[in-house]
Each structure stands twice: as structure tokens, then as C-alpha cells.
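> Sequence:
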Amino acid sequence: MPPKKRTPAKQSKIDTAPNEVKKSEEVSELPSKHAGKDGPAKTDSVIEKKAPTKSKKRKADTASESQGARKSARGAKSTPTHAQLLSFLLSEAAVKHASPEDDTSDSKLRTYSLTALNPWEELLSAIILSRPISHRLGMRAIRTVLNGPYSFNSAKATQTAGAEKQHQALWDAKTQHKDKTAKQIGGLADVILDTIASASDKEGKSLAGVHDKGGDEMEAEMKLLKSSIKGVGETGLSIFFRRVQWQWPSAYPNVDGKTADSLRKLGLPQDPSELVALLK
Numbered sequence: 001m002p003p004k005k006r007t008p009a010k011q012s013k014i015d016t017a018p019n020e021v022k023k024s025e026e027v028s029e030l031p032s033k034h035a036g037k038d039g040p041a042k043t044d045s046v047i048e049k050k051a052p053t054k055s056k057k058r059k060a061d062t063a064s065e066s067q068g069a070r071k072s073a074r075g076a077k078s079t080p081t082h083a084q085l086l087s088f089l090l091s092e093a094a095v096k097h098a099s100p101e102d103d104t105s106d107s108k109l110r111t112y113s114l115t116a117l118n119p120w121e122e123l124l125s126a127i128i129l130s131r132p133i134s135h136r137l138g139m140r141a142i143r144t145v146l147n148g149p150y151s152f153n154s155a156k157a158t159q160t161a162g163a164e165k166q167h168q169a170l171w172d173a174k175t176q177h178k179d180k181t182a183k184q185i186g187g188l189a190d191v192i193l194d195t196i197a198s199a200s201d202k203e204g205k206s207l208a209g210v211h212d213k214g215g216d217e218m219e220a221e222m223k224l225l226k227s228s229i230k231g232v233g234e235t236g237l238s239i240f241f242r243r244v245q246w247q248w249p250s251a252y253p254n255v256d257g258k259t260a261d262s263l264r265k266l267g268l269p270q271d272p273s274e275l276v277a278l279l280k
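First residue of the sequence shown? That's 1 in the numbering used here, and the numbers climb one at a time after it.
To be clear, the hints were calculated from the coordinates, so they are not data collected in a lab.
One or more of the hints may lead you astray.
Within a straight-line C-alpha distance of at most 27 angstroms, the following computed BS3-like cross-link-like pairs (lysine-lysine) qualify [what the hints assert, rightly or not]:
| hint | residue 1 | residue 2 |
| --- | --- | --- |
| 1 | K165 | K183 |
| 2 | K230 | K265 |
| 3 | K165 | K180 |
| 4 | K258 | K230 |
| 5 | K77 | K108 |
| 6 | K108 | K230 |
| 7 | K96 | K230 |
Computed beta-carbon distance windows for the label pairs [as the list claims (entries may be wrong)]:
| hint | residue 1 | residue 2 | range |
| --- | --- | --- | --- |
| 8 | Q270 | L114 | 23 to 31 angstroms |
| 9 | E274 | E164 | 18 to 26 angstroms |
| 10 | L114 | G267 | 25 to 33 angstroms |
| 11 | L279 | D172 | 34 to 42 angstroms |
| 12 | E92 | Y252 | 33 to 41 angstroms |
| 13 | V276 | E164 | 27 to 35 angstroms |
| 14 | A277 | A163 | 27 to 35 angstroms |
| 15 | G257 | G187 | 35 to 43 angstroms |
| 16 | L278 | D106 | 19 to 27 angstroms |
| 17 | E274 | A98 | 18 to 26 angstroms |
| 18 | H135 | P272 | 19 to 27 angstroms |
| 19 | G215 | G257 | 36 to 44 angstroms |
Heads up, the beta-carbon is just placed ideally off N, CA and C, and yes, glycines get one too.
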């Protein structure tokens with residue numbers, strides 16, 4: 001009988017171990033996919049950088065702070081002086097910030113914010129603005145009564161228009177408290193012409209009679225208007241004398257409560273004499 005073929009015995013784990021170790025070593029020697037073009041990737045022990053010394057870190061921090069200080073100094077804006085701020089507020093450049101858009105739509109319109117109104121127009125405007133309405137509605141009512149077809153530019157023109165036209169003007173202004181305001185405007189014109197107007201001011205525009213009867217003293221003039229005109233209170237008179245002071249020496253300089261609040265917010269002095277000194 002022919003001899004039986006010997007079947008190779010299965011390799012034990014012990015026999016295969018050296019081969020696996022060898023393969024593992026071969027794999028470890030292959031270049032990593034993160035390796036650079038000039039050679040294999042460096043291990044963590046190779047790429048680790050030394051921590052900076054305390055002296056170097058201190059120098060770097062000082063340089064960074066110095067550079068930041070230079071940038072901050074270049075970008076910082078200087079605070080304007082009181083005189084500079086007041087000068088800007090009185091300049092043409094500030095007008096656009098204080099004028100409603102509707103007031104600037106037509107240069108021919110007589111408006112509260114852009115027109116040099118006569119004392120009668122200022123008093124009429126003060127009566128309207130003292131009503132419990134928004135500033136926007138007040139500005140619209142003033143534009144309506146001071147321009148055509150109404151043009152209540154003097155006490156005489158307002159009285160001549162009559163009650164019906166006075167009411168119509170306020171209705172066209174689409175404001176609030178129309179009837180009360182119209183009656184007050186009519187009564188204001190009557191008082192100025194019948195009681196206060198002087199021989200030199202028959203139209204009731206300059207309100208010169210207020211000076212004559214008040215002795216060119218603001219306190220006396222305020223009392224005269226308050227006692228003569230029905231419905232005129234502290235609010236309306238404060239608005240009037242604040243606005244008319246550039247025409248009436250007796251009212252200059254004048255800082256009312258509302259103006260004082262605005263000056264305080266801007267960091268400006270509220271004393272009238274201090275403001276005058278800044279303008280010199």
C-alpha cells in the first residue's frame with residue numbers, strides 16, 4: 001500500500017505570533033498619510049514646542065498693550081468744550097436736526113422752526129403748543145394758520161377772518177381740540193387789538209403795547225398777558241418768552257424749565273448769565 005500523505009498540522013497561535021509582530025512592525029514603518037514631502041510625519045515628542053520663558057512672555061504682553069494703547073489713542077474722539085457745543089447748536093449745521101421734515105418741504109412756508117416769526121405769530125404759536133397735543137400736530141397747526149389761505153400773521157388779520165374761518169383753519173390742520181383752540185385764537189386777537197395794542201402797532205404784530213404797559217420788565221409783561229388773555233397759563237407764556245427773547249431785550253437772557261432740562265442733558269450750564277458768557 002502506498003504511504004498515506006501527511007496532513008500539515010494547523011499552526012498554533014504560538015507559531016503565528018512572530019509573523020503578526022513582524023507585519024505590525026512593517027506597517028509601522030510605512031509612511032503616514034500625514035507625512036510631509038520631505039519625510040515621515042514627526043511624532044508628538046518631536047513637534048512639541050518649548051513653552052516661552054517668563055521674560056519673553058512679559059515682553060510680548062507689554063508690546064501688545066503698547067500697540068493697543070496707540071490704536072485707542074488714535075481712535076478716541078475729544079470731548080467738545082461748552083463753547084464749541086453751544087456754537088454748534090446755534091449754527092446752520094444744527095438746523096436740520098431741529099426741524100421737522102414738513103417744515104423744510106417748502107422754503108416759502110412760514111414755519112415755527114425755520115422762520116423768524118413776529119411777536120404776534122410767536123404768541124399765537126405758543127397758544128397752540130400749550131394745548132395737550134403732540135409736537136407734530138402742533139407744528140402742522142402752526143403751518144396751517146400762518147400760511148394761505150388763512151395767513152393769521154397779525155391780530156388784525158385773525159380778527160378780520162372771523163370765527164368761521166378760524167374754526168376752518170383748525171379743521172384743515174387736522175389737529176385735536178379744534179373748537180377750543182379756535183375760540184382761544186379769536187379771543188387772543190380781540191384782547192390784543194382792544195386792550196393791549198399801541199398806536200404804533202395798530203395791526204397787532206409787534207405787541208409793542210405789552211412793553212408800554214409792562215414797563216419793559218419781563219415779570220410785569222408776563223402778568224399782563226396772563227391776566228388779560230383767557231386760558232393762557234405758565235406753559236404758553238414760558239414758550240412765548242423763550243422764543244421772543246431775541247426781539248425783546250426785556251426777555252433776554254431767558255432759560256425756562258424745558259430749556260434747562262435740555263441743557264442739563266447736554267452737559268451745558270443752565271444759568272442764563274453763564275450761557276451769555278460762553279457766546280462772547
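> Compare the structure with each hint and give your call.
How the hints compare with the structure:
{"no.": "1", "hint": "K165 <-> K183", "in the structure": "holds, 11 angstroms"}
{"no.": "2", "hint": "K230 <-> K265", "in the structure": "violated, 34 angstroms"}
{"no.": "3", "hint": "K165 <-> K180", "in the structure": "holds, 14 angstroms"}
{"no.": "4", "hint": "K258 <-> K230", "in the structure": "holds, 23 angstroms"}
{"no.": "5", "hint": "K77 <-> K108", "in the structure": "violated, 39 angstroms"}
{"no.": "6", "hint": "K108 <-> K230", "in the structure": "violated, 33 angstroms"}
{"no.": "7", "hint": "K96 <-> K230", "in the structure": "violated, 35 angstroms"}
{"no.": "8", "hint": "Q270 <-> L114: 23 to 31 angstroms", "in the structure": "holds, 26 angstroms"}
{"no.": "9", "hint": "E274 <-> E164: 18 to 26 angstroms", "in the structure": "violated, 50 angstroms"}
{"no.": "10", "hint": "L114 <-> G267: 25 to 33 angstroms", "in the structure": "holds, 27 angstroms"}
{"no.": "11", "hint": "L279 <-> D172: 34 to 42 angstroms", "in the structure": "holds, 40 angstroms"}
{"no.": "12", "hint": "E92 <-> Y252: 33 to 41 angstroms", "in the structure": "violated, 22 angstroms"}
{"no.": "13", "hint": "V276 <-> E164: 27 to 35 angstroms", "in the structure": "violated, 46 angstroms"}
{"no.": "14", "hint": "A277 <-> A163: 27 to 35 angstroms", "in the structure": "violated, 49 angstroms"}
{"no.": "15", "hint": "G257 <-> G187: 35 to 43 angstroms", "in the structure": "violated, 26 angstroms"}
{"no.": "16", "hint": "L278 <-> D106: 19 to 27 angstroms", "in the structure": "violated, 34 angstroms"}
{"no.": "17", "hint": "E274 <-> A98: 18 to 26 angstroms", "in the structure": "holds, 22 angstroms"}
{"no.": "18", "hint": "H135 <-> P272: 19 to 27 angstroms", "in the structure": "holds, 24 angstroms"}
{"no.": "19", "hint": "G215 <-> G257: 36 to 44 angstroms", "in the structure": "violated, 25 angstroms"}
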